[in-house]
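Residue 794 in the numbering used here is what sits at position 137 of the sequence shown, and the numbering runs on without skipping anything.
Treat the hints loosely; a few may be bogus.
As the list claims (entries may be wrong) - Below, in silico cross-link-like pairs of lysine to aspartate or glutamate (EDC-like), each with a Cα-Cα straight-line distance of 16 Å or less: (1) Lys792 to Glu1169; (2) Lys1173 to Glu941; (3) Lys693 to Glu703; (4) Lys975 to Asp1051; (5) Lys911 to Asp1215; (6) Lys792 to Asp1034; (7) Lys792 to Glu1161; (8) Lys911 to Asp1196; (9) Lys841 to Glu1169; (10) Lys841 to Glu1092; (11) Lys920 to Glu1092; (12) Lys920 to Glu934; (13) Lys1017 to Asp1220; (14) Lys1173 to Glu1112; (15) Lys924 to Asp901; (16) Lys972 to Glu934; (17) Lys924 to Glu934; (18) Lys792 to Glu1025; (19) Lys693 to Asp1054; (20) Lys1173 to Asp1215; (21) Lys693 to Glu1092; (22) Lys972 to Glu875; (23) Lys975 to Glu1092; (24) Lys853 to Glu1025; (25) Lys1173 to Glu946; (26) Lys792 to Asp1196.
By construction, these hints were calculated from the structure, which means they are not laboratory data.
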Amino acid sequence: MIGDIPSRILAFCAMETRVDPVRQIAATSALEALAKRWGMDVVKMERFGWVVHLVCQGVIGPVEGSFLIGPNLPCNDPERDRHLKLELLLGGLSTSTDYTGSVPVFYSSRGGWVVSNIEPATVLGSGTTAADLSKTNLFGLLQFSHFIWDETLYSHVFQQLPDSRFHFRDGVGAPETRALSRLKTERTRAGHSIEKVATELAELNRELVVSALSPHSEIVLPLSGGYDSRMILVAAAAEPALRDRLRCFTYGPKGSLEVQAAKQLAKAYRVDWQHWELPCRFLEREYLESIGEIFGGSLHFHGMYQLEFVMGIRKELKHRNAVLTSGYMTGVPAGQHISLMMRGGNPSLFAMFNRFGQSKLWPADRLEREFHGLSVDMIEHLENKLSQAFNFVDGNDLQKSVVCDVMTRQRNFISYYPRTIEWAMPHIAPHMNPEYANFFLSLSDEALHDRRCVEEMFLRHYPAAANVFSNSNGLRSIASQWDARLLGLGQRMKNAGLGRLVPERWKNDPLELDGKAMSLTGLDGLWPLAEVIDSGAIDSLVDPALCREWLDAACRGDVAMYDRLVRLQALAWSLESLRRANA
């Protein structure tokens, strides 16, 4: 610690000394841009034929042979949270991911190893050009809004797999890989009653939350209408010392389900709570660049409001070393999407993933019509990638679907969400550990299905939380249907033009954050897509006139079109970073 600022390592880039010096400078520049933006330091070291740069906050002690990137601030057990372990070894470099791979590692062996958790550092350090773009990988990004397994936009740059140890050996063109196998699918609780597993979950949840949050003097919890944040709330509020350190915030319209549910939960559990008016300026260039410098072509710009929220509430906090906690890795291991993924059997994994809303915005046949060089034949490639994720663990199809969701869609979200905000505020995740996931993988199908065990835990152990309506499993309360009926009635009255007569508690105003942000920023909200189109950089991929039509539609308020273009925006940012490096 330096004063009351936590010491943290947030980024690294490691290169063999044989990498071309010009490329080394390009990779280092990507880290230096980040460090300058966030007021952090870059530390350089040379060991065993490698040059390693670290982006640090606070004073970092001597690095012996290994260190963690992640919550190595006051933390009872850092390796139970999201983390990346980096080891400097004679003859190479080793990186070990947490069980979800939430801190990604991007690597290339072109002209020597370049390894970093900052994608632009690897892309620039490996001498990438636009000619390296993989249209097959781009097809998957546009289809699903995220990459699936080890791919990136470029054919020579890869991501390390989740729950693995990679050894990048000197002078060798492929990493040595070893699965860490932290996930267990033995169904040791399959014969337990629902009452018993609900009690066991309550005990586990309390242990995880107390252990993760106890070292911190001020704890920020974004509280919503979902199950995930209330799991942290009920456990923390049961401990007087933690409850007094908890600061809950909720953003969105006052008549939204999120705000009204959070207000009731905070009152029931006697915690500090504040409704936060989000300015919705999160698509301005300052925010876009700050995130693009971290993620490059692997990013999803959607959700920038999370950074705006954290930057805004910092002035409301009492302690400089306040931490943010959230339940972003709570629902999916508990079976959140099983019904959607397993509906009607499993004819193909591609079909299964097309049941998610984001996969319907740019379906495969439309991609083939509107983009040069993209073809529905590429679906076979996506199916093979999904198969690797689906078969990552042994077990039955329900267990595999949970792990597949964690390792693909959710991995991209948890790589994005905490990594976005951790530059502004340290992040602690009580449920981001294999013990929590393994609990659900040990249950019967019935208890795992659609978070049945979580609902039973609330009903039996936290009835006050169960009685507050939720949007986690349909628009309903767990224990009572009264609020759900009134919410439904309120919606019908709004549809009939009688919205002004609906009490605020049951209005359920929508969270239209993206639409509002686009209305405030216009074309700049998709920067640098327009500039890349005008430069002709993607003429070989898509008709620029068609792209301009899409941009116009998004600027007129077409949120679905904005959501489509966000995926092209990631490509545009990466191409822009290449242009800057070569300018």
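Worksheet entry | Indices of hints not satisfied (ascending) | 1, 3, 4, 5, 7, 8, 9, 11, 14, 17, 19, 21, 23, 24, 25
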